[in-house]
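Keeping the supplied structure of chain A fixed, place chain B upon it in accordance with the hints.
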Amino acid sequence: MQANNSPIYVAVVDDDETLCRSYARLLRAAGMQPITYGSAEAFLADAKHPRFDCLVLDIQLTGMSGLDLQRQLAVAGETVPIVFITGYDEPQARARALASGCAGFFRKTDSGSDVLEVIRRVSALSSGG
Amino acid sequence: MNWISIVWPMVAAACLTLGLINLAIGLTTPPRAARFLFFLSAVSAAAFCGAELALMRADTVDDIWPLLHWANVAVAGLVVSLTAFIWVFFGTGNRWLALSVPVFFVAALVLDFFPGPSVIYREITELRTVQTFGGATFRVISGVLNPWNALAYVGALLFIAFVLDASVRLWRRGGRRRAAIVGGSVIFFLVVGSVHSGLVEAGVVRTPYLISWSYLAILLAMGYKLTLDVFAAVKLSEQVEEGQRRMDLASAAASLGMWTWDALRDEIWATARARSLLGVADSAPLNLARFMSALHPADRDALRQSIDGTFDAHTDYQGELRVPLSEGQTRWIAARGQIDRDPAGKPLLMHGVMLDISARRQSELELQGLRAQITHTDRVSMMGQLASALAHELNQPLGAILRNAEAAELFLQHESPDLDELRAILADIRKDDQRANAVIDRLRMLLKRRSIEVRALAVSDVLGDVAGLMRADAAARRVKLEIEAVPTRLKVMGDRVHLVQVLLNLVLNAMDAVEDAPVGQRRVVANAVRDGERTIEMVVSDSGHGIAPERLALLFEPFFTTKPSGLGIGLSISRTIIEAHGGRIWAENNPQGGATIRFTLPVANEGVAP
Chain A
515 MQANNSPIYV AVVDDDETLC RSYARLLRAA GMQPITYGSA EAFLADAKHP RFDCLVLDIQ
575 LTGMSGLDLQ RQLAVAGETV PIVFITGYDE PQARARALAS GCAGFFRKTD SGSDVLEVIR
635 RVSALSSGG
Chain B
349 MNWISIVWPM VAAACLTLGL INLAIGLTTP PRAARFLFFL SAVSAAAFCG AELALMRADT
409 VDDIWPLLHW ANVAVAGLVV SLTAFIWVFF GTGNRWLALS VPVFFVAALV LDFFPGPSVI
469 YREITELRTV QTFGGATFRV ISGVLNPWNA LAYVGALLFI AFVLDASVRL WRRGGRRRAA
529 IVGGSVIFFL VVGSVHSGLV EAGVVRTPYL ISWSYLAILL AMGYKLTLDV FAAVKLSEQV
589 EEGQRRMDLA SAAASLGMWT WDALRDEIWA TARARSLLGV ADSAPLNLAR FMSALHPADR
649 DALRQSIDGT FDAHTDYQGE LRVPLSEGQT RWIAARGQID RDPAGKPLLM HGVMLDISAR
709 RQSELELQGL RAQITHTDRV SMMGQLASAL AHELNQPLGA ILRNAEAAEL FLQHESPDLD
769 ELRAILADIR KDDQRANAVI DRLRMLLKRR SIEVRALAVS DVLGDVAGLM RADAAARRVK
829 LEIEAVPTRL KVMGDRVHLV QVLLNLVLNA MDAVEDAPVG QRRVVANAVR DGERTIEMVV
889 SDSGHGIAPE RLALLFEPFF TTKPSGLGIG LSISRTIIEA HGGRIWAENN PQGGATIRFT
949 LPVANEGVAP
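So the sequence lines, in the order shown, correspond to chains A and B.
Remember, the working numbering sits 514 above the position in the first sequence when you count from 1.
Remember, the working numbering sits 348 above the position in the second sequence when you count from 1.
Pulled out of the complex, with its shape left as it was, chain A reads as follows (with noise of 0.2 angstroms):
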């Protein structure tokens, strides 16, 4: 299934912990190596993380929010893939998460593996590219 042997590192931020426990299963499940983050600013503090392949961020967080932190890493030059998931399916986030080119907008009850499709996807193209 994947195109090289290097495992997929995906970052969860997500301020629910179950929520984040969840995802993290999901994608060790699919064989991926999830590290989980409680806030947009613990995620930028963790200056030893490995490369990621892709982000899957909450919007809806405490302090700074998911689309902050992707500006913020867009202005950084950072070109990481990055999936959204909210709580809230408001057409607005919506709009503005798929403008700003995310690679994928799910809420948090969509299907999972649509998800670990969209992820797969995104990693094989970076890591290919």
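Hints are computed from structural coordinates only; laboratory data are not their basis.
Think of the CB as a built atom: it goes at the ideal place given N, C-alpha and C, for glycine as much as any other residue.
Hints may be right or wrong, so weigh each one.
To be verified - One side of the interface only, derived from the structure: several residues of chain A facing chain B at Cβ under 10 angstroms:
{"no.": "1", "residue": "Arg-539"}
{"no.": "2", "residue": "Leu-541"}
{"no.": "3", "residue": "Arg-542"}
{"no.": "4", "residue": "Ile-599"}
{"no.": "5", "residue": "Gly-601"}
The following block gives chain B in isolation, referenced to the frame of chain A:
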């Protein structure tokens, strides 16, 4: 036929008749002692009348002596009873004068017998026959006067002084009619009787004694007084009847039922209206047990207790009672009662009125229902405002459950599934399911229509509900919502749902108030603090612009709103709820900016640490 032997017995009969009438009245009606004493004086006067007649008809000097004894006994009886009568009837007489009058007459009476032969004459020289008009004849005594006879005349003078003094005092005290009629007639009797007797005994005038005749003046006066009393009684009974008629009219016009309960005999008298209110037949005898059986079973014990309480506490009874009617309907009755007690304070009678207040109760119930409906509408509309935040609150656990389930499916496809991981997944799923349930329970609690039920309630539970419902919305609106931790032993008397509703209203308003502030400065704090022994103060404050001073007082009025979308009922409903809890609610501006709403709740007695 000698007319003298007809007229004197008539005088005696008149004395006896009026004396007996007074005795008969005195047996049932006060002043009893006065009427009895008057009766004694009238009997004495009649006896003296007999002595007068016998003296006029005496044939020999030997016949005279016993008749004079008789006459003196009668005079003494008359004077003593009449003195006592004035003493009792006027109540104003001088004690020493009153006591001295009998002393002189009794002394004269004693001397009449010892040594005798009479206190009036030492010897009788002649018994003459006098002819008067109509050919009637009578005897007149001539004799040597006994100087001790003066005792009786001194006594008569003292008696006159006593009655005069008592009458003047009574007159001054306002008893003018009694003083003039009774006092005047007694003085007339004493003056005429004693002066005339003196002249007869001195041999100046040759007539029989006329003491019984002068007593007629008193009889006339007392008869006149009695007639006035009868007229007054008739008038009084007319007034009572008129008062009764007016009372009947008034009670009929006001649809009042009237009742009297004889507590000793356990008999209830009730008007037809009272009986129809209770649904009791007109003819059936009524007692407390029958009265009770007409009431709603739940009201019977309460009535018994309040009757006992009324008996003990010396207050009036006041209560509302239900009478079950056919087809499940209820008649509400307001009853009031007063208690008549004997001088020792023991309840004898309870009497009062009852009124049908079903219509009033009905409209009260309707108003209550309407209020509950508005309150419920307010809760539902708040839930609408929170809907998207609550959807998020639900989506978190639901999403986690889904991710966990999907992960488990993938793990199960591995050659050797990690069972510990699978167990952890199941534990997480269970926890998230409970989390989702808690959100749904809160929603259901708030969406259900219910009335206020006050019970002891931990403040921390109420604040916990508010935190659970508001957290997501606060996060979405980037408001820092701080719900302070309070000790679980802090308890109030309150209804959980309605108090949560009040706090939700206040927190939602506070979040609206900080909407315009920069993200880092949007702050809403909810807290609870003890305010003295009996009160807990709940506080919701914000970091907004505060409230214009002229609006502070209007804030809790219905339909007062500053928001374009607001109905303006949230705060007025909050006030209604808090006041129903026995608390009050008010708003103030913070010195450092923003506004604070405070409300008070009564502390629950149980479980409060000292």
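Against the structure, test the hints numbered earlier, and report the numbers of the ones violated in rising order. Per hint list: zero violations.
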